[in-house]
Structure formats: C-alpha cells, structure tokens
Amino acid sequence: MRISKGGLLVIMAFLTPLIVELRTVLSWFGIRLSVVETGALGLALIVAVLIWAMWPSNGDTEAKLA
Amino acid sequence: MNIHTYEKTWLAVAMVLIVGFIATITYGAVGPGIAMIDDDGGTIDPDTINDDERFSDPGVTHVGGNEYEAAVVAQAWAYTPSEITVPANSTVTFYVTSRDVTHSYTVAGTNVNTMVVPGQVSEMTVEFDEPGEYGILCNEYCGAYHHTMEGKLNVVPEDEFDLTELSTEAPDEAQLGNQTTINTTVSNDMNYDLETTATLEIGNQTVEQDVTVPAHGSETLEFAVDTTDFGTGDHDWTVTVDGHEGSGTLTVTNATEGGDGDA
Amino acid sequence: MRNAYIDQFPEEARVIRAALWSSFLALMIGGTLGLIQGLHRTNVLRFIPSQDYYTVLTAHGVLLVITFTIFFLVGIFTWAVTTSLDRGVKDIRFTWGWYAMMSLGTLLVGVSILGGVVDQIPMNADVLYTFYSPFQAHPAFYVGFVLFVVGTWLAGFDWFRTWWAWKKDNPDERIPLPTFMALTTMLFWYLSSIGVAISILAFLLPWSLGIIDSVNPLLTRTLFWFFGHPVVYFWLMPAYMLWYTMLPKLSGGKLFSDPLARVVFVLFLILSTPVGIHHQYLDPGIAEGFKFIAMTNTMFLLLPSLLTAFTVVASMEHGARQRGGEGYLSWLKALPWRDPAFTGMALAGLMFAAGGFSGMINAGLSINYLVHNSWWVVGHFHLTVGTAVALTFMAASYWFIPQLTGKEIWNRSLGLVQVVLWFIGMTFMSNAMHRAGLFGIPRRTAEPQYEGFSFDPAVGTVAEIDAQVALGAALLTLSVYLFITNMVLTTIGGSTSDAIPDNTYAGTLSGPEDSPAIIDNLKLWTSIAVVLVIIAYSLPLASIIDAGGLFGPGIDPWKPSVVVDPSLVLESVRGVMP
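Residue numbers (the numbering used here), protein chains in the order written: chain A, 957 to 1022; chain B, 5 to 267; chain C, 295 to 872.
Hint data in this document are derived by calculation from the structure and do not stem from the laboratory.
Please note that a few of the clues may not be correct.
What the hints assert, rightly or not - Within a straight-line C-alpha distance of at most 35 Å, the following computed DSBU-like cross-link-like pairs (lysine-lysine) qualify:
(1) C:Lys817 with C:Lys548
(2) C:Lys853 with B:Lys156
(3) C:Lys548 with C:Lys462
(4) C:Lys384 with C:Lys548
(5) C:Lys543 with C:Lys462
(6) C:Lys384 with C:Lys461
(7) C:Lys817 with C:Lys461
(8) B:Lys12 with C:Lys461
(9) C:Lys548 with A:Lys961
(10) C:Lys384 with C:Lys543
(11) C:Lys384 with C:Lys817
(12) C:Lys817 with C:Lys462
(13) C:Lys462 with C:Lys384
(14) C:Lys461 with C:Lys548
(15) A:Lys961 with C:Lys543
(16) C:Lys461 with C:Lys543
(17) B:Lys12 with C:Lys548
(18) C:Lys543 with B:Lys12
(19) B:Lys12 with C:Lys817
(20) C:Lys543 with C:Lys817
Turn these sequences into a full structure, and let the hints steer you where they fit.
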C-alpha cells in the first residue's frame, strides 16, 4: 500500500466531482459522453487509482505514518 | 501585529479579487448600463388594481419606435395575460404587480427575473434581439398550487408582429329579403394610426372597406349584407384585417318559415 | 487519570448532550423529509400530493437550518466557553432554562407546521422558512419562533456572564480564543435578530391574532433578511470555530495564527448584518444604490472566509509536517485520514470552497438575476449550511460525543464511511442543482415540469439532472442514518473507556500576544457594527415605510390552509379581470 486505507477512500471520493465535471468540460471541446460512458470512464479511473495505491511501494515508509 | 509573509500575500490577492468583483459589477452598471429592479415602479393598493389605468387592461402596448410596455397582474396561480408576444429588436418595459401574495415573474433560463411583491410595482426593461419562445414561471412559493403558475413569452419576427385585434358581431339568422349588418371592431394598440383595409367575404361576394384606426383606439365598421343576394341556407363569412380573421355563419330563412318577419 | 469534558464539567456535559441530541433528532427528521422532496421534485417517486410538498419543505427548512444547526451551536459554544475559561457556567439552572425555552419553541413551531398535513391539528404554517407575508401562519408558529430566538439570547447571556466572572479573576488576560469566537458571534446574533423580532412582534404576530389587519409585505420581508443573512453566519461560525480550534489539533499540529482568527471573527461581527439586502436584489421598492451598498459589504465579507481558507490549510500542513509529512503535496498523505472527525471536517472545508465560489456568483448584483430563486441557490446552500456546517458538525460529533459521554465511538470506520458518503452524495446533488439553476429550473417548487414549455440544458438532459439529484439525496439520507445509528449505539451501547483523549483545543503557533489588545475590545467592534447597520438599513427602511406605509396598503392575509382547486381559481381570475 502506498497510502493508508483512509487516504485511499478519500481519494476515491474526490474522484467523484472530477468525473462529474469532466463530462461538462469535455462537452466544451465537442466531446459528448453519455451517462454510461462517463460511468465507464469513472470506473477506469478508480481502477487506475486502486492499482497505483496497491502497487508495492519500495521501502517507502511514508504510508505507515498516515 | 505579526503576520506571516505568505499570509500577507494571500491577503493582498484576496483584496484584489474582492475589489475586482466590485469593479466589474460597477462597470456593468455604469458602462453597458445594466439596470436593477428598483423603486421606480412605485406602490399600489392591491384592491385598486382593477381601477388602475395600467393594470385594468393588462397586456402589451406600443409606446413609440421599437419601445413597448407590458403590464402583467400576478395572482395565485396565474398571470394575466398568461401569454406575452413582443417583436424582435424591441425594448419592452414590464410592469408587474400582485393581487395577493409574493410571486416572481421569471423568464426561464434568462436574467429577466423579478420578485412581485403585493403593494409594489416591479418595473423591468428588457431588450429582445432575436425571435424565440420562452417559458415564464413563478419561482417564489405562492401557495399549494405554486408549481402550476406559468406563462409564455413569444418574441416574433418584426414583420409578423402587430397589436391589431379584431372582434366581430353579427346575427346568426336573417330572413330572406332583409338587410343585416356584420359589425367589425378593429382595435390598435400601436402608438400610431393604423391605415388598412377590411375585407368581408360572404358567399361568393367580397366587400372591402378602408379604415383608419387611431393610435391606442378602435374603430367599428359596418358591413351591410343584403340577404336577397344569397338565397336561403347557411352562408359562411369571414372578415379579414391585416391577417387577423373573424368568421361566422349567417343562416338565411324564408319569411314564412318563422321569425317575426322584420329581422 | 482520564480528563475528558465529562470529568471536568459533568453538569454542563449533561446540558450539552441534551442540546446535541435535540440537534441530531432534527437532523434525522429533516434529512428524511429532504429525501421525500428530492424524489418528489425529480418525479422519481411521488407518494404525497404536491400541495403537501410545501408542508414538507417548510419542516425540512426549519428543522435543518434552525433546529439542527442552532441546538448544535449552543451545545458547542457552551463547551467552548467553559473549556477555554476553565470554569463552569454560573448557574446550571439558568442553562437548563434556556435549553427548555428553545425546546418549547421548537415544539410549538413543529406542531404548527405538522398541522399542514395532519387534519387533527387545527393549525397551519405552510409558509416556508422565510414566512413572507401576506402568508399568515398560525400564531403558535410565530410564538414558537420567538421563544426559540429568546432562548438563544439567554444562552448568549449565560456565556457573557461566565466570561464576566472569569474577567474579574483574570483582569489582565486576553480572552481565550474559543470564548472570543463565541462572544463575537453572539454579538452579531443579538444585533441581527432584532430585525426578525420586530417583524414578528410588531407586525406578524399581532396580525395573526387579528389585532392589526394589514402589514407591509416589503417591510416584513426586509426585516426578515436583516436577520436572514446573519443567521447563515450564525450557523457557520461554530463550524469556523471547530476549524480553527479543533482541526489543527486533529491534524496533529497547532493553529497557524491566533491574531488572524480574531480578525476574522471581528470582521464577521462588523459585516454580517449590513448585507441582508443582497437577498433582495430582485425586489421592487428598494433603490439600486441600497443594493450596491449591500453588494459591496457582501464582497468584503469574502475576506474573512478567504483568510480562513488560508489559516485552515496552513494549520493542516503544519500538523502534517509534525507527523512527518514532507514535500510540496506529499504532506497530504501524512494527515490522519482514518479519523472521521478530521476527514469529515477537511472534506467539509473543501466543499465550502466550492460553495464560496457559487456564493460569489450570488453576490454579484447583475449575474444574480440569472440564478435568483433557481435551483442553483439550493445547490449553493447545500454546500454551505448543508455541508460546511452540517458535515463539520457530524464530524466533530465523533470527537465530542466521547468527550460528553466518556464512551468510545461505536464504530469509527463506519464514521469514516459516513462522512465520505456525505461528500459523494452532496457532489452529485449540488452539482446537478447548480447546473439546473443555470437553465432556469426554479427552487421551492413541487413539480418543476411545466405544460407550456420545457427546460433546455446546455449539456445532458433534464432527466439526467433529476437522476443525479435523486441519487445524491438517497446517499445523503443514508449517510444521516449511519451517523444517527453510530451516535445512538455509542450512547446506549458503547463502553466507558479510559482512553478518551483529554479535553483540549489547539494551541497556536502565533498567540494572542502577537495582536494588539484593541482586537479584544468588543464594545468598539459592536459600535462599528451598529454604525454600519444604520448606514446600510436606515434609508431603505425609511423609504419602504414612506412609500408603502408601516402597515401596508390594505394587504389581506393569505392563509395557506385554504386549499382550493386551481381551475376554480383560474375562473375567478377571469371573473375579476375586466
């Protein structure tokens, strides 16, 4: 674990507004996502964050502090 | 007082932001001249709305040039009139008041929005550039059926707009051989005289009359109809003035078939 | 030897527990009603008639923004004053007295609102939280409101009295920060609640009793907003106090600056009241110049909140570095994210930043016309009072309830899930509300689906917006229930623990000695506040009275209980129109 479980939970929560508003931002560039596409994108982001968090950290002690 | 350098910087940035906000709003008011709802509309006793010069006959009137006035009375749970039609490229001053509780007069999705407080007249000037259709709604809670209070705003192309209204009055029946009349009243809420032609079509006849309706006035025309021209039976008629129509049916009967003979 | 609040002040702890439980009860009922509204408006599930929506809305508003917030406030301020002065209240019977008075007031208001849906109660108060005349509620509604407010006045007197006693013993000491915050908050509360007191006692109550037969709707409305905006700071100040005095400690460090914290509260004392007219930007009968004064004052009121943002983040960073955090942003990882009290407050602060931005839009005199009374506003205040305040209070409870009961929280992990769930639910709900407001969906409307037109979102569809709001409302309600469950099980089932931390609040990096003593001169700041209020309000009030009369031009009362069929009304409209 690179970060604490609590920290991971907060990061995943913080993804919610980013994903919701990403849809609005993309629409300015003419990219219109449907709800399902937005959900899929969100899921992909969450999986990416999970993989990043679970990746064994090499001798990083920071995680234990949190 | 001991203030950290970063905090001083933050303080300065915050002040710039605040002064910037105030400056842009002030510029909006004095530069482009965005005016707010204020006390110009004056006060009114809700019980006297029906006697009020402006609100006794609410609706759109022409002031001059491309300027119009729209008087609207709000009441739980409707606007009178519920539908407003104005031309594009016009400047319309709304006067809105309430007969009972506080309402709003809000053109959905735009900044045309005012509270309507009983006892007060809200005055709001709006410029309409483009034709379009908008919903009007009440966004201030006004009782159990607040959610049903709505209206409509139509901005129509200039060449499709007028303030001419037509009403007709004619008997349904006439005896063969008699004369009768179809009365047509043309009203004009523009600020200039309306010179136009009224056309009556009945049977296969067409009668035209020229008419001049004074500004903010009305004129009544009499179309004389001689029943002997048509014979017995039902005859549809239509009066047309500037694209506005009034119509009805005249039934011509034989003198012996009833009636008192001199209708 | 354990040294929690209950050990230091067992008597006061009982009153505070009672106040907090009153607050939680209001939160649970009000939250449930919120779900009913969220599902009804969005047409996901409608099981009440739309006319009753407004009864539910009145109860939701009053219970959450008055009962929930202010009961929590009086509890927390009692804690703040007694803890920081290190002495109990002067007379605990007096303390119970104001608590009882506030409870009685709440009961009267609650019953009169309930009358809107329960036929057996011959009352009606479907007048919403703003009770704009000519809507006329049952007299019990107004009496209850007055009792509640007077109860808070007495609570303030209780704290002042405790402070005066402390000052006698400590003549040369600076006011401890938590007490300073409680006292400055109460001062602007006294000043601003005069407005609503006059509105009710001089006009609405005598009118509802039939003593006078007309009121001036614009006047009572203006007097309401004289109180109606400061009241939002009244909710917010306890949250600010917790961010200043608890959050740095929970982060593991100290408050960045005591002097600036004092400056912030002084600014709120001075500027809270002369801004109320910014709720009336769209009102007729108020000259544009007065609206400009309110706008300018409002903008300057951004300053204390921007300063707070700095101080809170700086204190958190300091805490994180004390815990071994390093780097430009990596220090964030060192914060105690497992602690629901810390995480809840931090997320509340983050959402408050978003709420602050939409608030800047609201304050903008000209752009306000686009969003006034739209769903945008509802999105805005669900971020401010609905999250900055409510989530901070819930988060703080994870620290306070052990202090007040001597028991460990039943399940802290569930607490963490609860605060995070609130953040997610509120993201969905308030985001959709803000966007819906921009294309014109109104607030306070049971069925914002109209016959003659439909709304036109820039991105997505109205159905998506509705689904987002319904989802958010469901998550928020779930979060409230998790919170209540945790609190109930802690109180009745939790085990008494010796591991409860000591009752303290955050130390400071830069203490009160770094600020001039004049900062503590409450008389001076109160006088300035009074002068600003006179400048902002005397002319508008005079012109409203001058134009419309003290009692209005023959305004008939409108009792919301008289429900008639709208088609009949439409006919009567056509009848009166010439």
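Are Lys548 of chain C and Lys961 of chain A close enough, with their CA atoms no more than 35 Å apart?
25 Å, holds
For the pair supplied as a hint, Lys817 of chain C and Lys548 of chain C, is the alpha-carbon distance within the 35 Å limit?
Satisfied, since the Cα-Cα distance of roughly 29 Å is no more than 35 Å.
Pair hint Lys12 of chain B and Lys548 of chain C, alpha-carbon separation not exceeding 35 Å
19 Å, holds
Given the hint that Lys384 of chain C pairs with Lys461 of chain C, does the C-alpha gap stay at or below 35 Å?
13 Å, holds
Please work out if Lys543 of chain C and Lys12 of chain B have their alpha carbons no farther apart than 35 Å.
Status holds; Cα separation ~24 Å.
Is the straight-line distance between the alpha-carbon of Lys461 of chain C and that of Lys548 of chain C 35 Å or less?
26 Å, holds
Does Lys462 of chain C lie within 35 Å of Lys817 of chain C when you go C-alpha to C-alpha?
Since the Cα atoms of Lys817 of chain C and Lys462 of chain C sit roughly 17 Å apart, the hinted pair holds (cutoff 35 Å).
Lys461 of chain C paired with Lys543 of chain C [C-alpha distance capped at 35 Å]
26 Å, holds
With a cut-off of 35 Å on the C-alpha distance, tell me whether Lys12 of chain B and Lys461 of chain C pass.
With a Cα-Cα distance of about 33 Å, the restraint between Lys12 of chain B and Lys461 of chain C holds, given a limit of 35 Å.
Restraint status (C-alpha distance of Lys462 of chain C to Lys384 of chain C at most 35 Å)
13 Å, holds
Pair hint outcome, Lys548 of chain C versus Lys462 of chain C [Cα-Cα no greater than 35 Å]
Holds, because 29 Å separates the two Cα atoms, which is no more than 35 Å.
Going straight from one Cα to the other, do Lys543 of chain C and Lys817 of chain C come out at no more than 35 Å?
31 Å, holds
This entry satisfies every hint, going by the numbered hints stated previously.
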